[in-house]
Amino acid sequence: MASMHFIFSDTVVLLFDFWSVHSPAGMALSVLVVLLLAVLYEGIKVGKAKLLHQVLVNLPTCISQQAIAETDGESAGSDSSPVSRTHHRWYLCHFGQSLIHVVQVVIGYFIMLAVMSYNTWIFLGVVLGSAVGYYLAYPLLSVA
Amino acid sequence: MDHSHHMEMSYMDHNSTMPPSHHHPTTSASHSHGGGDSNMMMMMPMTFYFGFKNVQLLFSGLVINTAGEMAGAFVAVFLLAMFYEGLKIARESLLRKSQVSIRYNSMPVPGPNGTILMETHKTVGQQMLSFPHLLQTVLHIIQVVISYFLMLIFMTYNGYLCIAVAAGAGTGYFLFSWKKAVVVDITEHCH
Chain S
1 MASMHFIFSD TVVLLFDFWS VHSPAGMALS VLVVLLLAVL YEGIKVGKAK LLHQVLVNLP
61 TCISQQAIAE TDGESAGSDS SPVSRTHHRW YLCHFGQSLI HVVQVVIGYF IMLAVMSYNT
121 WIFLGVVLGS AVGYYLAYPL LSVA
Chain E
1 MDHSHHMEMS YMDHNSTMPP SHHHPTTSAS HSHGGGDSNM MMMMPMTFYF GFKNVQLLFS
61 GLVINTAGEM AGAFVAVFLL AMFYEGLKIA RESLLRKSQV SIRYNSMPVP GPNGTILMET
121 HKTVGQQMLS FPHLLQTVLH IIQVVISYFL MLIFMTYNGY LCIAVAAGAG TGYFLFSWKK
181 AVVVDITEHC H
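Chains as they are written, first to last, in our numbering: chain S, 1 to 144; chain E, 1 to 191.
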């Protein structure tokens, strides 16, 4: 089994076959990339919540009431085309949110695998990136 | 760790999609070499690969050897990731529904002009031994175990299984969170 304790090392292979690091310069660049990845992860978490809030504010207020009424089986006639248009917009927006969720899940797993390399520099890069990302992104959440 | 990786690649075909096998005594003679320490290096792949031969999945009995088994494993992992997202949403809605127990605490406070006013505090919460809280705890344990299983599946570094995890999470979020967003909309925007 590969080393199961944290080591300080300049050589590591991260995630993909082509991402092999041999030198201190390469290691510094890899730490920077992993740091930006962690910042992006925290940013996506906040961005998803803000996007949902913006959508809920901008769409017509009682779209959900009509959605519930329709699902009850007593669907009104197709006279309300603006309603179907906003439904369409809502489904598009939710599909976009799902794609963002997939990106968030994948980035989260990539960060987990990077930490699994047990390289201390990479781990510190992830921790620092998470701290910087949280520091920059979460104040934007409270404004909403 | 990195040097062992390079040594392993020197006698393995670089174009092979086979991951380093876990059980060296049972593999074919192509892996025969003088090193007796072969069992110690590269037990787990550390980079992404696409393959379906000799893929160990979570338990010692589950080994994928054919494309059909890989397809079945893909579907199973996809459904597991979808179930995990659904469980998260279900626990949130269950928590919201069960927080209807509101306790009022009234205490007298002195008011102006010497009168006594009653100040009422409202607390929303669950009791520790109530059934909703016990159910939440059981669901939490299930959620934690499934999340660790998904992490371990992603840790196999197998490209097909990782794509199954990501796609399952996205589909589960799409299917289950849509309902949650509609419910949230009711309570916050439609009076």
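For the record, the hints were derived by calculation from the structure and aren't laboratory data. Certain hints may be false.
Unchecked claim - Listed next, with one range per pair, are the computed distances between beta-carbon atoms:
(1) 49(S) x 110(E): 22 to 32 Å
(2) 163(E) x 23(S): 40 to 50 Å
(3) 57(S) x 137(E): 34 to 44 Å
(4) 107(S) x 76(E): 35 to 45 Å
(5) 49(S) x 137(E): 21 to 31 Å
(6) 23(S) x 61(E): 28 to 38 Å
(7) 143(E) x 11(S): 15 to 25 Å
(8) 109(E) x 54(S): 37 to 47 Å
(9) 129(E) x 19(S): 32 to 42 Å
(10) 159(E) x 127(S): 38 to 48 Å
(11) 96(E) x 95(S): 23 to 33 Å
(12) 63(E) x 57(S): 45 to 55 Å
(13) 98(E) x 128(S): 21 to 31 Å
(14) 138(S) x 99(E): 17 to 27 Å
Claimed, not checked - In silico DSS-like links for lysine-lysine, alpha-carbon gap of 27 Å or less:
(15) 48(S) x 97(E)
(16) 45(S) x 97(E)
(17) 88(E) x 45(S)
(18) 48(S) x 88(E)
What the hints assert, rightly or not - Residues from chain E that face chain S, not an exhaustive set, calculated with beta carbons under 8 Å:
(19) 47
(20) 173
(21) 176
C-beta: ideal position from N, C-alpha, C; glycine also.
Query raised in the report: Does the Cβ pair residue 23(S), residue 61(E) satisfy 28 to 38 Å?
Result: violated (44 Å)
Query raised in the report: Under the criterion of a CB-CB separation shorter than 8 Å, is residue 173(E) in contact with chain S as hinted?
Result: Hint on residue 173(E): holds, closest Cβ of chain S at ~4 Å, below 8 Å.
Report task. Given the hint that residue 48(S) pairs with residue 88(E), test it: the Cα-Cα distance must not exceed 27 Å. Result -> holds (16 Å)
Report task. Look at the Cβ atoms of residue 129(E) and residue 19(S) and judge whether their distance stays inside 32 to 42 Å. Result -> Since the Cβ atoms of residue 129(E) and residue 19(S) sit about 52 Å apart, the hinted range of 32 to 42 Å is violated.
Report task. Could you check the hint for me, namely that residue 109(E) and residue 54(S) are 37 to 47 Å apart, CB to CB? Result -> Since the Cβ atoms of residue 109(E) and residue 54(S) sit about 42 Å apart, the hinted range of 37 to 47 Å holds.
Query raised in the report: residue 45(S) and residue 97(E): Cα distance at most 27 Å?
Result: Judged against 27 Å, a Cα distance of about 25 Å means the pair holds.
Report task. Go ahead and decide if the range 21 to 31 Å is satisfied by the Cβ distance of residue 49(S) to residue 137(E). Result -> Roughly 26 Å apart at Cβ, these two residues keep to the hinted range, so it holds.
Requested in this report: With 21 to 31 Å as the target window, see if residue 98(E) and residue 128(S) comply at their CB atoms.
Outcome: Cβ of residue 98(E) to Cβ of residue 128(S): about 39 Å, so the range 21 to 31 Å is violated.
Query raised in the report: With 8 Å as the cut and Cβ atoms as the points, is residue 47(E) at the interface with chain S?
Result: holds (5 Å)
Query - Pairwise beta carbon distance, residue 96(E) to residue 95(S), judged against the given window 23 to 33 Å - result: holds (25 Å)
Query raised in the report: Taking 45 to 55 Å as the hint, is the beta-carbon distance of residue 63(E) and residue 57(S) inside that range?
Result: Holds, since residue 63(E) and residue 57(S) (Cβ atoms, about 52 Å apart) stay within the stated range.
Query raised in the report: Do residue 107(S) and residue 76(E) keep their Cβ atoms within the hinted range of 35 to 45 Å?
Result: Violated, at about 24 Å.
Of the hints listed earlier, those the structure fails to meet are numbers 1, 2, 4, 6, 7, 9, 10, 13 and 21, in rising order.
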